[in-house]
Amino acid sequence: GDSVTQMEGPVTLSEEAFLTINCTYTATGYPSLFWYVQYPGEGLQLLLKATKADDKGSNKGFEATYRKETTSFHLEKGSVQVSDSAVYFCALSERERRDTGRRALTFGSGTRLQVQP
Amino acid sequence: EPEVTQTPSHQVTQMGQEVILRCVPISNHLYFYWYRQILGQKVEFLVSFYNNEISEKSEIFDDQFSVERPDGSNFTLKIRSTKLEDSAMYFCASRTTFRGVEETQYFGPGTRLLVL
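Chain order of the listed sequences is C and D. With the numbering used here, the residue at position 53 of the first sequence is 52, and numbering never jumps. In the numbering used here, each residue's number is its place in the second sequence (first place is 1) plus 12.
Treat the hints as calculated values from the structure; they're not laboratory data. Careful, some of the hints might be misleading.
What the hints assert, rightly or not - Chain D is faced by these chain C residues, among others (derived, beta-carbon under 7 Å): (1) G42; (2) L43; (3) L45; (4) A103; (5) F106; (6) S108.
Nothing here was measured: the structure is a model prediction, and the numbers come from that model. Cβ atoms here follow ideal geometry from the backbone N, Cα and C, with glycine treated the same way.
With the hints as extra help, turn the sequences into a complete structure.
Dropping the structure here:
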């Protein structure tokens with residue numbers, strides 16, 4: 000079955016440091032890939048997505064590129080802020096040939112990011 | 013901006029009791045989902061719902077669970093006889109559909125369920 004593997008956290012960085020959170024996946028078809036963020040005490044928010052190989056998703060300074068050859072979707076940000084402290088989830092959703100209502104998300108275990116001033 | 017809402021935000025119940033978690037998906041969305049996240053663990057898919065029926069469910073979604081769309085706006089998850097291990101954060105999600113195009117799932121803020 001499908002699976003998503005993320006680097007374990009917590010990741011602790013100083014403000015303005017460069018961030019990479021690794022994510023690799025296993026899927027039978029051609030999934031869409033997502034990064035969701037969960038701020039303390041809140042629900043899941045979509046951060047960015049990519050729907051096909053070589054696509055780059057970006058939002059709020061975060062980027063991730065869909066690499067089919069390495070089955071990866073690593074999250075990067077050039078300069079983190081204290082407000083970026085949260086748990087980041089990589090996820091995938093398989094496509095279906097017919098829109099049958101499937102495409103449930105498969106999540107990684109999450110990576111907690113702590114940014115210190 | 014439209015958003016998914018969930019009630020209650022927190023629920024405490026005794027083992028063996030029934031609970032109903034409520035969700036109001038985004039109004040033009042057609043697919044609805046429940047996920048759960050046990051404290052410190054990954055988010056797990058429970059069930060998806062389309063056209064007034066379950067379209068997919070995971071192994072977690074056993075006979076103790078049921079879902080319903082009782083009217084045009086609410087989407088509920090019922091746990092008939094709660095167990096200690098049902099304690100988790102439950103997320104509702106919804107998405108629109110466009111044939112052949114992947115559409116994002118939008119999540120609610122979650123209901124934290126504690127079974128004592």
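Results for each hint:
no.	hint	verdict
1	G42	holds (4 Å)
2	L43	holds (4 Å)
3	L45	holds (6 Å)
4	A103	holds (4 Å)
5	F106	holds (4 Å)
6	S108	holds (4 Å)
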